[in-house]
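As given, the protein sequences belong to chains A and B, one line each in that order.
For reference, each letter of the first sequence is one residue, going 1 to 209 in the numbering used here.
For reference, each letter of the second sequence is one residue, going 210 to 467 in the numbering used here.
If you're looking for bench data, these hints aren't it; they were derived computationally from the structure.
Take the hints with a grain of salt, since some may be wrong.
Below, simulated EDC-like cross-link-like pairs (lysine to aspartate or glutamate); rule was C-alpha separation at most 20 angstroms, straight line [what the hints assert, rightly or not]:
no.: 1; chain 1: B; residue 1: Lys330; chain 2: B; residue 2: Asp256
no.: 2; chain 1: A; residue 1: Lys17; chain 2: A; residue 2: Glu27
no.: 3; chain 1: A; residue 1: Lys21; chain 2: B; residue 2: Asp378
no.: 4; chain 1: B; residue 1: Lys330; chain 2: A; residue 2: Asp51
no.: 5; chain 1: B; residue 1: Lys348; chain 2: B; residue 2: Glu250
no.: 6; chain 1: A; residue 1: Lys21; chain 2: B; residue 2: Glu284
no.: 7; chain 1: A; residue 1: Lys21; chain 2: B; residue 2: Asp256
In case you want the letters, here they are:
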Amino acid sequence: MIGLINYGMGNLHSVAKALEKAGGEVELVTEAESLKNYDRIVLPGVGAFRDCIAALKESGLDVAIKDEIATGKPFLGICLGMQVLMDYSLEFGRHKGLGLIPGAVTHFPEDHAARGYKIPHMGWNDVIFSSEKPQHPVLAPLAGQQVYYVHSYCCMPENPDHLLAACSYGDYPFAAAVGRDNIVAVQFHPEKSQSAGLAMMEAFLQWNP
Amino acid sequence: MPSWFILMLSKRIIPCLDVAHGRVVKGVQFVDIIDAGDPVEAAIKYDQQGADELCFLDIRASHESRDTLYHMVTEVAEHVFMPLTVGGGVKALSDIENLLHAGADKVSINTAAIFTPELVKEAAERFGSSTIVVAVDAKSVGDHWECFTHGGRKPTGINAVEWAKRMSDYGAGEILLTSMDADGTKNGYDIPLTRAVSDAISANVVASGGVGTLEHMAEGLKAGGADAVLAASIFHFGTFTIAETKAYLAKQGIPVRN
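Same shape as in the complex, but just chain A (with noise of 0.2 angstroms):
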């Protein structure tokens, strides 16, 4: 059963239903005390990371996230849902993230709309892989794919390791996923990919760390 974390932001709904089309089974959570009964856990994301934040920890989901991660579990965060687990994020002020991954969260550059680049970056765009590694196997669906982005912040990590797939929008690369371990965290929306990202959500339901 995946645990389908609700923090009262974002459309739950296309995350729940694009994971039952994959082929799992959805319960949503609200308490953090009932994430421990999950086997697979999603945490989405639309918003302002603040807000995230702060709804997560006054829930003390944002405690029983890093306790689940630590027993092994798969994780998979989704664009906001990715960018909380940096060390902090930059939207609205500095503020302080999940600290699963080392790294920030920073805006596209000032000038990018100006240089024709409109914000946020909005649209079906690549997933590039490392040629010196392996394909992470959760992302392998998606090689030669594109896949849907909306936002106007993205994170880079600072241990390259942590970088599994990038992307770039104009001349500034960012992340198109992270992760280690058990946590696989992805900047676009496997939920509106069509088959791409569907594809990719059987991989994570099939992924056993």
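Knowing the structure of chain A, use the given hints to seat chain B on it.
The following block gives chain B in isolation, referenced to the frame of chain A:
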């Protein structure tokens, strides 16, 4: 990160479906509107053709029909896994919240933004810029363009380019720009208008109104500088499929998703 690492964000092709009472309708310039069927079937068809996004506009938006619209959005979102923009009759933060909860990814605000510009700012702060679209209906007046409401019938006296800039500054992530002069003509998008707005704002621009040929789509994206093109009748009436459109655009050197 290698220095050659420069990717191309694909330009988006968006079929637009007019809906009334939860059904897809089609008509020519709001005349002879006929029932064109089930929104879920239409969405699945466009999904299979490779549409990048879908836009549903409730043309008979009324208080009584809201629940029908929410239900329709939920149904569609259960069957296709692609971005959905929904608009028509959005007046308050609660309308936006209801549409997002129903399964919309983006909500388009039109007339309400003109009367209550602060709604856009509040909505962007609460739901994120990426979810807020402002529909701008513009018509040429003298040497500039002006915003019109009520399907192009009522002038507002507001300069459309300045308005789009203000909405972008207020946090709208996307401007759905419809030329009321071009709409329904099949003579092509209003390119000077599209270019003027695209150059003036940091938000994404979706060109709408007037498309009749594939060349028009290429013009909107290249000369108009739009990030996405929206079309209704050429897709509904089967003049072109999405796949044919993309094949043509790719030949013109425009980045599109296969």
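Going through the hints against the structure:
1. The straight-line distance between the Cα atoms of lysine 330 of chain B and aspartate 256 of chain B is roughly 32 angstroms, outside the 20 angstroms bound, and the hint therefore fails.
2. Between lysine 17 of chain A and glutamate 27 of chain A, the direct Cα distance comes to roughly 11 angstroms. Compliance with the 20 angstroms bound is thereby established for this hinted pair.
3. Restraint check for lysine 21 of chain A and aspartate 378 of chain B: the C-alpha separation of about 38 angstroms exceeds 20 angstroms, so the hint is violated.
4. With a C-alpha separation of about 17 angstroms, the suggested pair lysine 330 of chain B and aspartate 51 of chain A falls inside the 20 angstroms cut-off, and the hint holds.
5. As the CA atoms of lysine 348 of chain B and glutamate 250 of chain B are separated by approximately 34 angstroms, the hinted pair breaks the 20 angstroms bound.
6. Using a Cα cut-off of 20 angstroms, the hinted pair lysine 21 of chain A and glutamate 284 of chain B holds, with the two alpha carbons roughly 14 angstroms apart.
7. As the CA atoms of lysine 21 of chain A and aspartate 256 of chain B are separated by approximately 15 angstroms, the hinted pair is consistent with the 20 angstroms bound.
The structure does not agree with the numbered hints 1, 3 and 5 stated previously, though it agrees with the rest.
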